[in-house]
Amino acid sequence: MNSKKIGWALLAVVLLLTGCKGGEELTEPSLYEEDVATREGEYIVVGFSQVGSESDWRIGSTESFRSTFTAENGYYLIYEDAQQKQENQLKAVRNFILQEVDYIIVDPIVETGWDAVFQEAKDAGIPVILADRSVEVEDEDLYICWVGSSFEQEGIKAGEWLKEYLKKQGRDQEEIRIVTLQGTLGSTAQIGRTEGFWKVLSLQENWVMLAQQSGDFTQAKGQEVMEELLKSYEEIDVVVCENDNMAYGAIEAIKKAGKTCGPEGEIIILSFDAGRAALETMLDGDINAVFECNPQLGPLVSEIIMRLERGETVEKIQYVEEAYFDSTMDLESVIQERTY
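Residue numbers (my numbering): 2 to 341.
It should be emphasised that the hints constitute simulated quantities derived from the structure, not laboratory data. The structure presented is a predicted model; accordingly, all values stated were derived computationally and were not measured. The beta-carbon is built from N, C-alpha and C at its ideal position, and this holds for glycine as well. Any given hint could turn out to be false.
As the list claims (entries may be wrong) - In silico EDC-like cross-links for lysine to aspartate or glutamate, where the CA-CA straight-line distance does not exceed 20 Å:
#1 92 to 121
#2 200 to 161
#3 168 to 267
#4 123 to 142
#5 260 to 285
#6 256 to 228
#7 200 to 165
#8 260 to 225
#9 164 to 153
#10 168 to 206
#11 164 to 238
#12 222 to 253
#13 92 to 137
Unchecked claim - If you anchor each label on the Cβ, the simulated ranges turn out as follows:
#14 204 to 73: 42 to 52 Å
#15 137 to 67: 22 to 32 Å
#16 331 to 151: 24 to 34 Å
#17 281 to 304: 26 to 36 Å
Given only the sequences and the hints, what does the whole structure look like? Please build it.
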């Protein structure tokens with residue numbers, strides 16, 4: 002694949018002409034710190050539309066891309082924060098097309114509604130790479146590949162862990178009352194984690210899902226929803242939080258209600274993402290287990306772009322490696338090695 006790499010002089014003109022969208026100034030790209038005139042050579046120009054900054058995981062993901070797509074690595078990054086609104090992402094992708102970037106990376110807020118804009122990118126000869134969340138389109142050739150986590154497997158891992166944990170606690174025959182704080186409804190992570198956990202739950206005759214409500218992946222909403230659930234259900238044994246930030250909110254609500262959680266508490270807390278703060282919360286005794294969603298996607302996406310630049314083909318679906326952690330593990334050493 003022959004890249005339309007943009008030299009600095011031309012890029013400066015392009016950004017000057019297209020520097021605003023919807024009345025907002027474009028986020029400064031990664032090469033702003035040096036005088037354009039002192040630069041030589043050409044760079045691979047990448048447009049990246051991120052969901053937002055709603056969680057610690059999302060912040061870690063953004064940093065992974067920012068630290069990978071740098072001048073030192075041969076890139077010019079144009080970054081757009083969609084603030085959790087799909088209409089912002091659609092505008093950002095169309096802006097990238099107008100700026101004739103070489104590659105477009107999208108972490109889609111929801112799975113549907115992408116056919117038209119991805120067709121526009123394809124017509125312009127710009128490859129689209131999906132990161133983290135996936136999409137539903139009629140023609141899968143509208144994007145090159147998807148990179149991220151197997152969210153369904155994460156949900157299955159959580160269910161299997163809970164089954165073994167209850168067995169060790171001698172509670173495998175008890176009625177287990179569960180509530181789930183779901184992520185943004187329609188997002189790939191929400192769909193996969195919900196479906197994965199249900200695959201295990203459906204085989205457990207004594208597990209009862211009392212309620213599933215969206216906390217939109219945020220701590221504030223997670224706390225609000227958990228407060229409502231605690232008022233609605235007198236007995237809750239397990240809270241499945243589809244990301245760490247909602248888990249923090251749920252813990253606050255549980256403590257506010259005069260209840261306890263974690264390995265020594267009344268309520269079992271399961272969380273997803275496994276950021277440093279979640280591991281520290283587990284070390285404090287408030288979370289039972291966290292299931293990793295690795296945000297370090299930037300290097301893998303860069304590797305894919307390099308292969309495409311060499312004219313190679315790439316696999317349509319590519320997963321990052323992930324693990325899980327519970328209170329029985331040496332969490333202090335894991336926390337010290339954590340980069341997010």
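Next item on the list: Starting from residue 168, check that the Cα of residue 206 is at most 20 Å away, please.
Entry: Holds, at about 14 Å.
Checklist line | Range hint compliance [Cβ, residue 204 to residue 73, 42 to 52 Å] | finding: holds (50 Å)
Notebook entry, point to check: Do the alpha carbons of residue 260 and residue 285 lie within 20 Å of each other, as the hint requires?
Noted result: Given pair residue 260, residue 285 holds - Cα atoms ~16 Å apart, limit 20 Å.
Next item on the list: Compare the distance between the alpha carbons of residue 164 and residue 238 with 20 Å, and conclude whether the hinted pair is satisfied.
Entry: At roughly 13 Å apart (the allowed maximum being 20 Å), residue 238 and residue 164 satisfy the hint.
Check: Regarding the pair residue 168 and residue 267, is the alpha-carbon distance no greater than 20 Å?
Finding: It holds: about 16 Å lies between the C-alpha atoms, which stays within 20 Å.
Next item on the list: Verify the proposed pairing of residue 92 with residue 137, using a straight-line Cα cut of 20 Å.
Entry: OK: residue 92 and residue 137 at ~19 Å, within 20 Å.
Item checked: Pair hint residue 123 and residue 142, alpha-carbon separation not exceeding 20 Å -> holds (9 Å)
Next item on the list: Using the beta carbons of residue 281 and residue 304, state whether their distance is inside 26 to 36 Å or not.
Entry: holds (31 Å)
Margin query: Can you tell me whether the CB distance of residue 137 to residue 67 sits inside 22 to 32 Å?
Written below: holds (28 Å)
Margin query: Verify the CB-CB distance for residue 331 and residue 151 against the hinted window 24 to 34 Å.
Written below: Holds - the Cβ-Cβ distance for residue 331 and residue 151, about 26 Å, lies within 24 to 34 Å.
Check: Taking only the CA atoms, is the gap from residue 260 to residue 225 under or equal to 20 Å?
Finding: holds (16 Å)
Note to self: Against the 20 Å threshold, does the CA-CA distance of residue 92 and residue 121 hold or violate the hint?
What the structure shows: Holds - the C-alpha atoms of residue 121 and residue 92 are around 12 Å apart, at most 20 Å.
No hint from the list above goes unmet by this structure.
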